[in-house]
Amino acid sequence: MSLTQTSRETPLAEPSLEVRRRDLRLPLGILVAIVALSAPFLIGSYALHAIIIALIFLLPAHGLNLLVGYTGLLSLAQAAFFGIGAYTAGLLAVHYGTPFYVNLVAAGLMAGLIALPLGIPALRLRATSFVMCTLGFVIIGQAIAKNWISVTRGDMGLSSIPKPFFALGPASFTVSGTTGFYYLTLAVAVLATLAVWAIVRSPAGRNMIAIRENETLAESVGVPTWRYKLIVFMLSAVFAGVGGSIYAHYLTVVSPLTFQMYYSTTMLIIVLGGGAGTISGVVFGSLLFVGLSEALRVAPELRMIAYGFCLLILVFWFKKGFAPLLNRFWSFVGGVK
Amino acid sequence: MFSTLAEQIINGIVTGSVYAIVAVGMTMIFGVLRAINFAHGEYYMLGTFGAWFAIDYLELSYEASIVVGILATIVIAYVVGRLVMQRMVGAPAEAGVLATLGIALILQNTVILVFGGGYKFFSGGYIEPVSVLGFTLAQQRMLILVVCLLVFIGLELMVTYSRMGKSMRAVSQNIECCEVVGIDVPQVVLRTFILGAALAALSGVLTAPVNVNVYGGMGELITFKTLPIIIMGGLGNVRGTFFAAMLLGIAESLVATYIGLQFRDTVGFVTLILTLMWRPYGLFSTEARF
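Chain order of the listed sequences is A and B.
The numbers in the working numbering rise by one with no breaks, and the one at position 69 of the first sequence is 69.
The numbers in the working numbering rise by one with no breaks, and the one at position 94 of the second sequence is 94.
Be aware that a few hints might be false.
Stated by the list, open to error - According to the in silico footprint, chain B covers these stretches of chain A (three or more CB under 8 Å from chain B):
#1 139-147
#2 228-240
#3 308-322
To be verified - Reference excerpt, derived from the structure (chain A facing chain B, CB under 7 Å, subset only):
#4 L74
#5 M132
#6 C133
#7 G136
#8 L296
#9 V298
#10 E301
#11 I305
Said to hold, decoys possible - Chain B side only, calculated, beta carbon under 10 Å to chain A, not exhaustive:
#12 A95
#13 L107
#14 L227
Hints listed in this document are in silico derivations from the structure and should not be mistaken for laboratory results.
Ideal Cβ placement from N, Cα and C applies to all residues, glycine included.
Chain A with its partners taken away, still in its complex shape (with noise of 0.2 Å):
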């Protein structure tokens, strides 16, 4: 369980008079693990297959976080890059049928690799016309997956995308059925979150930051802004095309329709609804906004709608989504007022 970003920046409130409860912070932790480990045994396998979904998305939102929430950069790119990565993938386990954790490398270094060529002309740009931009890759995307027929196979799609099996030398193992899978699922996540977490706190994780909140300054103490600018939005690529790759492994198909707004914007549901520039807000944003929805078999019309309301009660209401919730529950299991 990490910690946010202001949490842990906040020292503790001075000592009051009142006695202290006790921290409570890692049993908690120990309990939320054990939960996520034996989660199998615990629910039935929709409610698994509905967290797998969100651990899937949990990636390209890690992704969109960096961007978001620590570089100030809105984006609408998200979901070309994990259509990238799911094609990437698709196109390896079908053609080569190689092990699942090359595909997962190739599919992040892929959509790393487009997105370099693809931000340096965007990231020219300012606010607005870089949103366009990040949602013209979109659109293109799609075009190229429904045009390029002698690879993607157009609208039809790659199917019957392999199961993920891992080979070491002689032996083999694939994953089958949802348990294992989310257990691979789950592994990933955890050390996508691991990952944010160290660029977070390292110092280009400061520098991130400086650039969200005045890149001017930023630039004039000596950030070199626009190199981190790209590399961030690389490598929010790179998370993106990871979590596809799972995707496309996960769902055994692979269609034009990835590229579509709508992922984009459910990227941007749960970076901004659980907290954008948090770490454990954007976890709890995924499994909230994606898990509970699929869990529910909310009809996509309705979830939709919803995702309207959430969007203009986030924007206007709670700016910072549920982050200020989640930090004040958790100073209450560390014990602080």
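Got chain A sorted already, so can you dock chain B onto it with the hints?
What follows is chain B alone, placed relative to chain A:
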């Protein structure tokens, strides 16, 4: 060969007119609010659905259905304007993107939920072909061209001479000063928004007989067409929007004929990205404004 080219260019101008009427509302809203309206295409869709409803359920004529479609859109735009758009005065650009994205989701999916997601047939309009200067053109397309010209002449006059036009320009220049001299900023925002939405609805109702199909997702497609237009036209620039729309319409029509129909919908964003690399502030603005 030549006549095909000329025909395609004329088709492109008609398409451009459709985009222009939608985009000009979007760009005016940007002018007063500094917010990109991601929901703008949805008013195009609402207008079309209103007209379709009037024809199919109320059995009205096409002329009456135009009025119904636009009025229905105005009512919805009034509610959205009061509840959402007026709050966005002075809000950061990101807030505008997110709030209007939310409205787009709500409007689009409510319509799909109520009327179903399938394609509906729009019966009505003037589809008899007429010959002008050796070209055959459906009456409806002629109508679109004429209406587009009238709309832009009207807007140009309104923005230059009328009280509302002047206050719109004032708001787009400096909101604080407007408040000082007694311009009711929220009122101007609301009126501009309703005007823009009504124009989008008008465009939708006029195009429906040409497109024939009516469906819930049509607004999103139009939004994606008009977003590149307003940015290329220089945000908030009415004349620039007109020319950018024509340019895109013609480009789309030529791409559809000579390269392939399936690439038509990407023309806008490809052009936009290329334009922005060359002139980051749009084609028709001399300086970076936003």
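Structure-based check of all given hints:
With 5 residues having a Cβ less than 8 Å from any Cβ of chain B, the stretch 139-147 of chain A passes the three-residue criterion, so the hint holds. For the stretch 228-240 of chain A, the stated coverage by chain B is violated: 0 residues have a C-beta nearer than 8 Å to a C-beta of that chain, whereas at least 3 were required. Closer than 8 Å: that is the beta-carbon criterion, and the stretch 308-322 of chain A has 8 residues meeting it against chain B, so the requirement of 3 holds. Taken as an interface hint, L74(A) checks out: its beta carbon lies about 5 Å from the nearest beta carbon of chain B, inside 7 Å.
Taken as an interface hint, M132(A) checks out: its beta carbon lies about 5 Å from the nearest beta carbon of chain B, inside 7 Å. Because the smallest distance between the Cβ of C133(A) and any Cβ of chain B comes to about 6 Å, under 7 Å, the interface hint for this residue holds. Annotation: G136(A) was flagged as interfacial toward chain B, and the flag holds, the nearest CB pair being 3 Å apart, inside 7 Å. At its closest, the beta carbon of L296(A) sits 16 Å from a beta carbon of chain B; the interface hint therefore is violated under the 7 Å criterion.
Contact between V298(A) and chain B, as hinted, is not supported at the beta carbon level, the nearest pair being about 11 Å apart and thus beyond 7 Å. With 7 Å as the threshold, the beta carbon of E301(A) comes within range of chain B, its nearest partner Cβ sitting at about 4 Å, so the hint holds. Given hint, I305(A) at the interface with chain B, holds; its Cβ is 5 Å from that chain's nearest Cβ, closer than 7 Å. Because the smallest distance between the Cβ of A95(B) and any Cβ of chain A comes to about 5 Å, under 10 Å, the interface hint for this residue holds.
The interface hint given for L107(B) is met, as the beta carbon of that residue sits about 8 Å from the closest beta carbon of chain A, less than 10 Å. Annotation: L227(B) was flagged as interfacial toward chain A, and the flag holds, the nearest CB pair being 6 Å apart, inside 10 Å.
The structure does not agree with the numbered hints 2, 8, 9 stated previously, though it agrees with the rest.
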